[in-house]
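For chain H, the structure is supplied; the task is to place chain B on it using the hints.
Protein chains: 2
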Amino acid sequence: MTYGPLPETDLTRHRRLREQGSLDRADLDAILDAGFICHLGVIVEGRPMVVPTVYGRDERQLYVHGSVASRSLAAGAPVCVTVTHVDGLVLARSVFEHGVNYRSAMIHGIPRKVTDPDEKTDGLRRLTEHATPGQWDYARRPSRKELAATTLLALSLEEASVKIRTGAPDDGDGPDAALGLWAGTLPLTSAWGAPETDPLLPPDLVPPAHIARREGTRHG
Amino acid sequence: MTYGPLPETDLTRHRRLREQGSLDRADLDAILDAGFICHLGVIVEGRPMVVPTVYGRDERQLYVHGSVASRSLAAGAPVCVTVTHVDGLVLARSVFEHGVNYRSAMIHGIPRKVTDPDEKTDGLRRLTEHATPGQWDYARRPSRKELAATTLLALSLEEASVKIRTGAPDDGDGPDAALGLWAGTLPLTSAWGAPETDPLLPPDLVPPAHIARREGTRHG
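So the sequence lines, in the order shown, correspond to chains H and B.
Going by our numbering, the residue at position 86 of the first sequence is 147; the numbering climbs one at a time, nothing skipped.
Going by our numbering, the residue at position 86 of the second sequence is 147; the numbering climbs one at a time, nothing skipped.
All the pointers check out, no bait thrown in.
Heads up, simulated SDA-like pairs for lysine to any residue below, C-alpha to C-alpha not over 25 Å straight-line:
| # | chain 1 | residue 1 | chain 2 | residue 2 |
| --- | --- | --- | --- | --- |
| 1 | H | K181 | B | L240 |
| 2 | H | K206 | B | E158 |
| 3 | B | K181 | H | S155 |
| 4 | H | K174 | B | G160 |
| 5 | B | K174 | H | G107 |
| 6 | B | K206 | H | D232 |
| 7 | B | K206 | H | G235 |
| 8 | H | K206 | B | L242 |
| 9 | H | K181 | B | D232 |
| 10 | B | K174 | H | L72 |
| 11 | B | K174 | H | V105 |
| 12 | H | K181 | B | D231 |
| 13 | H | K181 | H | S217 |
| 14 | B | K206 | H | W243 |
| 15 | B | K174 | H | F157 |
Example chain H residues on the side facing chain B (calculated, C-beta under 8 Å, incomplete):
| # | residue |
| --- | --- |
| 16 | R108 |
| 17 | V112 |
| 18 | T193 |
| 19 | R202 |
| 20 | P203 |
| 21 | L249 |
| 22 | A252 |
| 23 | E257 |
| 24 | L266 |
| 25 | P269 |
Reference listing, derived: stretches of chain H covered by chain B, where coverage requires no fewer than 3 residues with Cβ under 8 Å from a Cβ of chain B:
| # | segment |
| --- | --- |
| 26 | 147–159 |
| 27 | 163–177 |
| 28 | 234–240 |
Note that these hints are calculated values from the structure, not bench results.
Just so you know, these numbers come straight off a predicted model, no measurement behind them.
Each residue gets a CB set at the ideal place from its N, CA and C atoms; glycine is no exception.
The shape of chain H in the complex, shown without the other chains (with noise of 0.2 Å):
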């Protein structure tokens, strides 16, 4: 990534637990290639609206499956698509300080749609690739009829903010810890499982490599 640290402006300043932000781009870049599904914020008729969609990127941008949200898109409206794992559960002495371990990455922008069919192209290659690596020499690639069918949008990744806690809670040594209270945290992680053949296949069709081995590996 050839980007500078992530810019601090009106809307990627950390006003909130400024000790859970992070101003490095390996963190967002960390963030985003461990999750394939972000959830994209607009605005619709001056409402907010968070759909759920799936994304990709280059170094510089975003690319994001943008049928879900193709009805605001009209005016060149501004979106925030973030980006989280959980991690899991801070179990602290006191309801007080409860809290969660996650990883999050919040972009900010006017997104573009695409609309070139090399760019458009080569945009659902990164996003194909990012959910599922080895996917796009696989299956059969759009068709130009399909290709025309599929609303892309890319988002730079200049604005952004990062936000990421880890570790035990933080009431360690406080006056809590006269109660005599377990306190701790219950981590949550996600696995691949094993692949499901479409049962309209003949059964002897195994998955390729590029599928099976990812059965049993951590993701997120």
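Relative to the frame of chain H, chain B by itself:
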């Protein structure tokens, strides 16, 4: 739940992929009960902002930890709360038919700041118990000062929509079947790990049963 089916309003009507829409309130309840993190969408100075935060609920409303959105809540602004569980990748023969198995709920409304101390305490209890059943009776409850320092929002569950996709790809018997490619799904599951005791605690302090028993259980 005494509510009827989910209402079809301008905000909840399914415009895309209508076959994935559900008007069954039991589906909404199940999606909300399966998770504890939502994505809260608010409008801040004309731009959308999507922040992850924790929630709980009663029969008719969602309680959301609202400090993350506190700077945009002055004017009774509308919000959108989305809860998403990702169940796996849908890997079709063609890139165009690729998708995601998921369960997602979207709730629209104008949240109310909870100010009554009794309701706030009850809301925090629901929020705590939602993420960690048994924890409210175990940990130290909020003091009056801590209660005052917590922003809790209540959002009616009346205007909500649900989308669910399950199962194999949809192109099983389409012309792409002739390609001879594997197609199916790659499931993704989340599970709780082993509790990690705060290193500042005596090492012989063991996690209470309500936390220890979650190890290895599925989440989401």
